[in-house]
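The chain contents come next:
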Amino acid sequence: MKTSFDLIDLFYISPIIVLFLVSLVPILSKVLNGNKEPSSFFSVFIPVCGGLAAAVLSVGASLYIMGDPNIKSSPLAFSGALIMDGIALWTSFLVSIILCVIILISKENPYTKGKQFSEYIFLLVNSAVGMMIVAWSNDLIVTFIGIEVMSLCLYILIALSNETRHSKEASIKYFILGSFASAIFLYGIALMYGTIGTTYIHEIVQGAREIISINRVFLIGTGMVALGFAFKVSLFPFFNWTPDVYQGSGTPLTTFMATGVKVVSFVAFLRFMTTDILGGVHSEAFITTLQWMAVLTIIVGNVAAILQDDLKRILAYSSVAHSGYLLIGVIVAGADGGQSIGASGVVFYLFAYAIMTLGAFAVVSVLEKDTDTPIKVDDLKGMSSRHPLLALAMCVFMLSLAGIPPTLGFFGKFYLFSAAIAEGFFWLAVWGVVGSVISVYYYLRPLVVMYMSDEAGAGIVDRTPATRFAIVIMALLVILIGLASEPFYMQMQASVLSLY
Amino acid sequence: MSNELLFAILLQAPLVGFVINGVRFQSKDYKFAGILACSAMAISFACSVILSSRLLSMDPANRHITSTLFDWISAGSFNAEVGFTVDAISAIMILVITGVGFLIHLFSVGYISHDERPSKYFAYLNFFVFNMLLLVLGDNLLVMFVGWEGVGLCSYLLIGFWFTDREKAAAGMKAFITNRIGDAGFLLGIFFLFMEFGTVNFQDLNALAPAASLLSWGEPLVLACLFLFIGACGKSAQIPLYVWLPDAMAGPTPVSALIHAATMVTAGVYMIVRLNSVFMAAPDVMMIIACVGAATALIAASIGVCQNDIKKVLAYSTVSQLGYMFLGVGVGAFMPAMFHLMTHAFFKALMFLGSGSVIHAMHEEQDIRKMGGLKKALPITSFTFTLGWLAIIGIPPFAGFFSKDEILWYSFASDRGAPFLWVIGVIAAGLTAFYMTRLMALTFWGKSRVPADVHPHESPATMTIPLIVLGVLSVVGGWIGIPHVIGAVLPGHPPNLLEGWLHYSVAKITLPQDAHVMEWILMGVSLSVAGLSAIFAYDSYVRNPDRPERLAKRYSRLHNLVYNKYFVDEIYFGRIINPLIEASKGLWVYIDVNFIDKATYQASGFVKSLGSSVRTLQNGNLQTYALYIALGAAIALSFIMG
Amino acid sequence: MSLSVLIFLPLVYALIVWMMPNDRAVRYSSLGFSIFHLGYTLAFLGGFDSATASLQFVERVMWVKGAGIEYFLGMDGISLWLIVLSNFLVPLIVLGSWTSIEKKVGGFHVSLFLLQSTMLGTFLAMDAILFYTFFEASLIPMYFMVGIWGGENRIYASMKFFIYTMFGSLFMLLSIIALMFMTEDQLGAMSSNLLQFYKLQIPFVAGEFLSTQTLLFFGFAIAFAIKVPLFPFHTWLPDAHVQAPTPGSVILAGVMLKMGTYGFMRISLPLFPEATQYWGWVFLVLAVIGIIYGALVAMVQPDMKKLVAYSSVSHMGFVVMGLFAMNAEGLTGGLYQMLNHGVSTGALFLLVGMIYERTHSRKIEDYGGLAPAAPIFTIFFIIVTMSSIAVPMTNGFVGEFLIMLGTFLAYKPFVIFAVLGVVLAATYMLWMVKRVFFGPAGKIVTEWKDKNLDINPREIAVLTPLTILIFWMGIFPNHFLDFSKTSIDHLVKNKSQYFLTIEDAGKAPKGTYSQIGN
Amino acid sequence: MAGDSILFYALSFLIIYFALGVLMNPNPIKAAFNLVLAMVGVAGVFFHLQSGFLGGVQLAVYAGAVMVLFVMVLMIFDLKKERDAFSQGFLGNIGKLLAAGIVVSLVINNVILSSDLQLATSNAAKAESGRDTTKILADLIFTEYVFAFEVLGILLLLVAIGAVSISRIKGGTHADS
Amino acid sequence: MLTVDFVNIGLNHYLILSAIVFVIGMLTVLLRRNLIVMLMGIELMLNAVNITFVAFSHYNQLVNGQVMVFFVMTIAAAEAGVGLAICVSIFKRFKEVNISLFENLRG
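Protein chains in written order, with this note's numbering: chain A, 1 to 500; chain B, 1 to 642; chain C, 1 to 518; chain D, 1 to 177; chain E, 1 to 107.
Honestly, the hints are just simulated from the structure, not real lab data.
Just to be clear, a hint being listed does not mean it is correct.
What the hints assert, rightly or not - Only pairs whose alpha carbons sit at most 20 Å apart, straight line, appear in this in silico EDC-like list of lysine to aspartate or glutamate:
#1 D:LYS30 with E:GLU96
#2 B:LYS608 with A:ASP276
#3 B:LYS565 with B:ASP284
#4 E:LYS95 with D:ASP84
#5 C:LYS434 with B:ASP165
#6 A:LYS369 with A:GLU455
#7 C:LYS412 with B:GLU582
#8 A:LYS113 with A:ASP462
#9 B:LYS28 with B:GLU116
#10 E:LYS95 with D:ASP78
#11 C:LYS443 with B:GLU458
#12 B:LYS608 with A:ASP309
#13 E:LYS92 with D:ASP78
#14 C:LYS485 with B:ASP71
#15 B:LYS447 with B:ASP546
#16 B:LYS585 with C:GLU365
#17 C:LYS103 with A:GLU455
#18 C:LYS104 with A:GLU455
#19 C:LYS65 with A:GLU486
It should be emphasised that the depicted structure is a prediction, and the values quoted were computed from it without experimental measurement.
Sequences and hints are given; from them, build the entire structure.
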């Protein structure tokens with residue numbers, strides 16, 4: 001039994017520490033300033049710097065781990081509570097970057113700027129802390145704690161937004177359903193813990209295959225945990241909260257949920273599913289169930305998005321559909337062990353998905369003048385002539401989400417479908433394709449109104465330079481990484497190799 | 001001059017004429033256009049004469065001049081060159097085309113002088129001659145096909161020359177499409193021949209054709225001949241594809257003379273003669289050709305009896321005469337068929353031009369019931385027309401007598417022939433004599449029925465000179481092919497020059513030797529049938545002008561049937577074309593719009609309805625969502641637990 | 001000379017054109033660029049070695065190493081003329097759209113150049129994924145072209161076009177991925193290189209639909225069949241054509257449909273020889289149905305553009321028929337007919353567009369008696385009609401003749417039906433010509449009595465090159481076929497185990513390499 | 001161990017009875033009191049399972065602090081009679097009962113079917129039979145689980161600040177709902 | 001074989017107890033329309049999980065389970081705090097904490 005932790009453990013979790021400390025800056029300065037909102041130096045610049053520092057520290061940690069010849073396998077920190085493998089560090093890097101962008105967007109969005117911005121930043125940054133914990137955790141109970149940190153912050157953040165009606169509804173829906181699912185998740189952890197005697201994933205891996213075939217309580221526990229994750233990543237039939245919450249929340253928060261929460265939840269899901277629980281006797285049924293969930297998620301997400309008018313809601317349903325695609329990769333990874341191309345496909349897709357979704361929501365954000373009028377698809381009308389660059393960027397995001405080459409989204413799908421075909425899940429790939437075809441319809445609608453309609457829609461809010469900057473950067477990334485996906489994918493693959 | 005250069009000039013003279021006139025198509029300067037076109041034709045004619053005379057000086061067994069320009073299409077094993085050959089058969093053709101063509105061009109200068117677009121007219125005419133020359137000179141099937149379709153195109157353009165008239169434009173379209181049906185058959189014929197012999201060159205094909213007769217219908221060669229004959233049917237207006245030719249009379253009359261009497265329509269006969277060795281190997285197909293030819297001759301002649309439009313009468317006469325030619329090639333009478341082709345070109349061109357002269361004089365009136373007694377007003381036209389009349393009804397020694405009689409003799413006596421073919425031929429000859437006499441009687445003889453405001457006058461010299469020349473040819477044209485049996489009793493024993501000329505070019509056919517008596521008897525019978533028929537017609541239309549009406553009344557049903565051309569057009573339109581259009585509309589509306597397109601709609605409609613049902617489930621109620629979670633968990637866990 | 005430059009130079013043009021200050025500058029610069037590009041393309045023609053079936057001007061760089069995806073460009077006799085055709089049509093389109101495109105002129109030319117780039121990429125890519133990338137990417141500028149500058153119902157049409165085509169091509173993507181894993185199994189390393197694909201031994205079981213080769217074959221075939229479009233997948237075509245602006249229709253008919261047939265020729269036939277042999281009848285039947293069906297439906301269309309669109313279905317049926325004959329005659333004819341269709345149907349769309357620009361009507365019944373009112377227009381129209389209905393001495397004849405000959409040598413009965421298509425082609429085209437140009441003056445001609453309906457010198461300049469090409473290709477087809485002969489003979493000779501080599505590095509420009517992955 | 005059983009059944013009865021009370025009682029305040037009693041029962045179970053420390057915490061934190069919070073909030077709201085205490089819709093409710101029933105029956109079934117749920121070996125911290133586990137618990141929290149413990153600290157800070165900031169929001173600007 | 005030993009109390013009995021409590025909590029969330037009562041249901045569910053943890057921990061002689069119970073309690077308290085805070089803000093706004101208010105986001 002270890003009695004203490006090493007200093008190196010503190011280095012590993014330094015991104016969290018930095019973020020937590022940074023999160024205190026605005027709120028402290030507010031307190032010290034006599035309850036007046038601090039300047040944006042404290043509330044925006046320092047947190048963004050903190051986010052960048054966290055990103056740098058993540059990269060630093062991974063460089064350290066790669067550079068140290070003594071480290072043979074992925075190091076564990078805090079007696080096994082956290083694991084510092086490639087995916088974990090990738091994800092924390094990604095989350096840091098997402099956080100920076102979200103902070104920038106938040107300062108310029110009517111839902112979030114204004115009153116209580118320092119509290120907002122505090123909660124937002126700590127939500128990112130929770131995300132990192134989820135991404136790093138090697139212990140199911142730590143995963144649970146991470147999810148709760150992340151989620152509780154978000155519940156409060158959503159309720160905090162400057163709009164009252166929908167945000168409260170969104171908050172309470174998210175809260176009740178989230179806690180409900182958490183309880184099921186936790187019950188699953190309890191059943192697993194009781195039967196295998198541990199909640200450490202690296203220990204579960206060793207016994208899972210054996211115990212899952214003899215102990216049905218363990219199996220039901222794994223099922224419940226999987227369903228808990230399914231809720232977090234909004235898979236059918238647990239996706240219903242997603243559109244409502246995404247629509248009702250302030251756009252920066254929606255963005256954060258659609259990118260950060262989804263990324264880390266999927267990473268944790270992937271970790272969980274690659275613990276060899278799909279290798280046992282009952283794996284057939286388990287895999288079949290997951291496959292049906294994937295297919296139905298793809299179909300339901302896409303068909304529901306077709307009939308929407310609210311842009312955020314469209315993106316929410318599209319996010320559901322993308323969860324379906326990702327689940328294909330997770331199934332493949334689960335069926336084939338963590339080192340398969342399924343896992344790297346998932347990670348790459350998450351990366352791609354985060355970038356393009358971030359961009360798409362940022363476009364929604366610049367359109368928002370106040371908190372009363374939701375952004376409809378028709379509000380994009382005439383954007384091509386008034387804001388050609390933003391329209392082009394939106395066009396890139398939509399095409400990428402639809403998976404048209406040579407954008408990033410195409411390569412994401414390519415790797416995922418490759419994984420499915422390689423492991424013989426051919427029909428999953430076919431359903432993925434069918435879903436993509438349906439999705440084209442609603443992804444093209446923004447293009448239609450932007451370029452093919454002469455009427456004028458809602459104007460862009462002025463003085464949103466940071467958001468616009470972020471949009472352009474994201475669009476460039478979508479194209480450039482799309483064209484040069486190789487090095488990134490190789491990184492993902494390398495990072496996946498350390499996943500057990 | 002080298003042969004290549006001669007070929008080049010021969011072909012390019014009309015082409016140059018076409019291009020120059022085509023570029024100045026909006027010009028109204030008919031003199032320039034006419035002189036250009038005529039001189040192009042004159043040059044071509046000169047070249048043809050030179051080429052033919054060179055042929056004449058060559059060894060009769062190997063009498064051909066070939067010139068290859070370049071490889072046209074080569075793909076895989078297929079190779080077609082743009083190559084030209086003039087030999088005994090094509091020499092006749094080019095002489096007729098350029099010679100008669102020149103005369104018709106000359107005639108046109110006067111005829112078209114009042115038109116809006118003389119340049120365009122001459123351009124088309126020259127282009128037609130160019131294509132016709134390609135057709136006859138091409139040394140392989142593909143080059144022939146180029147000309148084959150090219151003349152069809154020109155025919156289309158010229159029939160529809162006055163295209164502002166909807167009927168005339170429709171006639172052009174009808175001609176082209178009917179020809180296309182034949183062309184499709186022609187193409188299939190080419191494919192079969194290529195598949196069988198691996199070449200499309202005429203000399204190779206004739207050399208490779210088997211000497212023995214092939215009787216099986218599965219033989220590619222037999223099918224090839226059948227499909228080629230369908231092609232010939234289209235171009236040469238044989239049953240069942242003859243319907244376009246009467247309508248083609250919508251074009252200017254010289255065009256009818258050139259294209260629809262003298263040259264283009266005989267292309268089918270020419271093609272079969274060209275491939276005579278191949279066709280000889282398929283006796284069954286030849287029998288079909290003979291029967292179709294005979295039937296066409298008879299039916300077209302019978303329709304001609306009741307027509308009142310001067311050009312329609314001539315058109316049906318043309319169809320009928322083409323039937324004779326097919327009867328000829330069908331029974332193996334290749335030489336007589338070519339002979340008749342040539343003489344027919346002379347007298348039918350003459351008659352068409354004559355009718356043109358009449359129509360010109362009558363101010364575009366074509367109904368023979370409104371003519372009569374024009375002999376006095378149009379002396380030259382009338383006289384030359386009479387020569388043509390004598391030629392076509394086969395009165396010796398006019399041209400038509402020799403050629404027609406030769407065909408009839410072959411159809412009776414050849415080993416490919418049969419007596420019934422001869423009987424049909426003779427009946428057709430009788431009908432021909434009748435309707436041609438009727439035409440003469442109603443147009444030139446008897447009392448004038450010309451409306452008072454029309455003052456017919458003789459045409460200018462550019463129009464009458466061609467008439468005179470063709471009139472002479474209609475008389476003497478037959479003398480180059482005097483049959484042996486007649487030649488033997490004539491002073492000086494004139495030889496059958498044409499037979500000598502074509503001796504090595506066409507396949508031999510077995511004829512009974514020493515059957516002179518029979519030949520004389522048959523000749524007498526056919527001659528007397530024609531003569532009696534002509535006299536009866538003269539009697540009916542000049543002496544007793546009310547008799548035809550009485551007869552028509554007595555046999556009203558028959559008259560009605562014949563008068564309406566056996567309702568063939570009506571059947572084609574009512575039973576084939578209109579149903580096809582209706583069916584196409586049905587395809588469009590029911591299959592394309594309401595089935596294929598609708599399937600797409602319904603697929604997207606299905607997706608949308610799926611979407612709306614998902615939206616219904618998404619009812620906004622927190623507890624419903626919780627229910628979905630619980631229910632989903634229950635079902636998923638049940639599945640997982642098996 | 002570099003193929004990359006050939007492909008991506010239009011992007012540079014697009015960028016420059018985008019920055020042009022006014023419409024006039026956009027038009028002139030676009031015209032200049034496109035003519036320059038055509039000249040550049042002809043330089044490739046000059047450097048092309050028609051004696052070898054190997055790939056030429058090869059450029060090859062590893063793109064995605066892990067999956068073996070390469071940036072691999074090469075030209076051979078099959079792609080050469082399609083490249084020339086694409087680049088030939090662009091200047092004509094720029095000139096042809098001089099006045100018809102009135103709004104967002106800059107954007108239009110940007111789309112046009114993007115489209116050009118993707119089209120060239122599709123024909124030059126020798127890597128399946130790269131091919132797919134260009135194949136799909138070409139949808140985007142086309143989508144905008146139809147959607148922004150199209151007719152009344154443009155959005156529906158563009159959407160249908162996009163989704164329909166994408167539906168097919170995604171199955172191609174799945175098949176490509178499956179083939180990539182087969183290369184990993186059979187050849188050691190994963191690769192999406194077509195040259196590697198050709199080496200695969202793909203198991204085939206006759207009569208079983210669910211055998212590997214058959215499934216993969218149909219995966220590709222459905223993508224190409226929709227693109228061609230083969231009956232009954234043609235339903236997007238009339239909508240897209242009718243709604244597209246004239247330049248869009250020209251490109252769509254002229255080049256984009258060829259992507260499908262090119263795909264058949266480049267991928268389906270050599271890669272799946274047994275399946276092609278065994279299932280070829282399906283495509284022949286569909287092609288023949290398409291020929292006759294397209295012609296019949298075209299015959300009764302009231303709208304000129306729709307008529308031309310359905311005639312495309314018929315013509316492309318011929319192309320597919322020729323390709324599936326799988327002999328030199330058929331393949332040559334198919335390839336040639338692709339070019340012919342590009343020229344003649346492109347010209348027809350331009351012509352219809354020209355008259356539509358003046359009268360704003362495409363309804364056949366509104367016309368009649370146009371010939372005296374617009375004589376030069378009529379002459380061009382009739383020449384192009386003759387090409388379209390394959391009158392000898394025009395290009396159409398050579399293609400259709402070779403196709404039917406080739407098919408005849410392989411499958412006789414189909415040709416008996418296909419020749420009906422030739423007859424029907426004459427019927428629908430001439431009927432339309434008769435109703436539009438001939439007869440007494442119709443409604444529109446009467447309305448325009450005092451104004452000039454005939455085409456202007458600019459439009460004559462657009463049509464003249466096409467007309468020249470119609471006759472050139474019809475009279476001297478060997479000038480064109482000689483370049484493709486070696487490649488096609490090679491394909492026919494080795495159809496059971498196709499392979500392609502890369503021409504010696506000596507001729508290839510610097511910076512390319514040719515021995516990797518063999 | 002008859003006494004053991006009797007105690008278990010008594011506690012079970014209490015817990016389930018009061019839990020059902022939470023479920024069934026239409027008055028929120030009465031439901032809250034039922035919840036307190038159920039939690040006391042749960043604390044009893046903890047004591048019975050020799051986890052005295054947890055039992056104490058349960059009583060103090062749950063039955064004490066948390067429930068006071070609940071009751072206070074309810075008092076503030078003054079919700080005496082509630083409209084629509086239960087969700088309507090017969091089919092939906094049947095579905096809900098069915099779903100919950102299936103989940104619980106799956107668990108119970110499998111628990112019963114698995115005869116041997118005790119683990120043979122484990123490398124985790126072991127409690128010696130009979131000894132109070134509080135000290136081991138404390139050890140664990142500050143060594144093995146120190147990270148989670150610290151994070152929970154952050155969580156509580158977050159909740160505190162969050163709850164304060166939520167309560168600061170004014171009633172909102174929209175007059176009607 | 002479904003044979004239950006009713007006399008000798010063991011792990012299974014506690015697990016069944018926790019399952020029953022869990023499902024009652026679940027039903028509370030599913031059936032009650034008052035937000036605060038729904039929160040209580042969630043608390044019940046978490047308590048049921050705690051019983052499971054403690055039972056396992058007791059019968060398997062693992063103390064880790066008790067640590068987890070400790071964490072769960074903390075989190076449950078935090079959840080309750082946040083939930084009640086949101087409820088309060090809602091009450092301020094709507095004077096009602098019934099979920100029937102919240103069906104605006106739908107479709």
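> Does the alpha-carbon distance linking LYS104 (chain C) and GLU455 (chain A) stay inside the 20 Å limit?
Replying inline: Distance ~14 Å between LYS104 (chain C) and GLU455 (chain A) Cα, so the pair holds.
> Are LYS92 (chain E) and ASP78 (chain D) close enough, with their CA atoms no more than 20 Å apart?
Replying inline: holds, 13 Å
> Given the hinted pair LYS95 (chain E) and ASP78 (chain D), is their alpha-carbon gap at most 20 Å?
Replying inline: Distance of about 10 Å is within 20 Å: holds.
> Between LYS585 (chain B) and GLU365 (chain C), is the straight-line Cα distance small enough, at 20 Å or below?
Replying inline: Holds: LYS585 (chain B) and GLU365 (chain C) sit about 16 Å apart, inside 20 Å.
> Has the given pair, LYS28 (chain B) with GLU116 (chain B), been kept, meaning a C-alpha gap of at most 20 Å?
Replying inline: holds, 6 Å
>> Between the alpha carbons of LYS113 (chain A) and ASP462 (chain A), is the straight-line distance 20 Å or under?
In response: holds, 15 Å
> Straight-line Cα separation of LYS103 (chain C) and GLU455 (chain A) no greater than 20 Å?
Replying inline: holds, 14 Å
> Given the hint that LYS30 (chain D) pairs with GLU96 (chain E), does the C-alpha gap stay at or below 20 Å?
Replying inline: holds, 18 Å
> Are the Cα atoms of LYS443 (chain C) and GLU458 (chain B) separated by 20 Å or less?
Replying inline: Distance of about 42 Å is beyond 20 Å: violated.
> Taking 20 Å as the top limit, are the C-alpha atoms of LYS608 (chain B) and ASP309 (chain A) close enough?
Replying inline: holds, 14 Å
> Regarding the pair LYS447 (chain B) and ASP546 (chain B), is the alpha-carbon distance no greater than 20 Å?
Replying inline: Distance ~13 Å between LYS447 (chain B) and ASP546 (chain B) Cα, so the pair holds.
> Is LYS412 (chain C) close enough to GLU582 (chain B), meaning Cα to Cα at most 20 Å?
Replying inline: Outside the cut-off at roughly 29 Å; violated.
Going down the numbered hints, you'll see the structure goes against 2, 3, 7 and 11, while the others check out.
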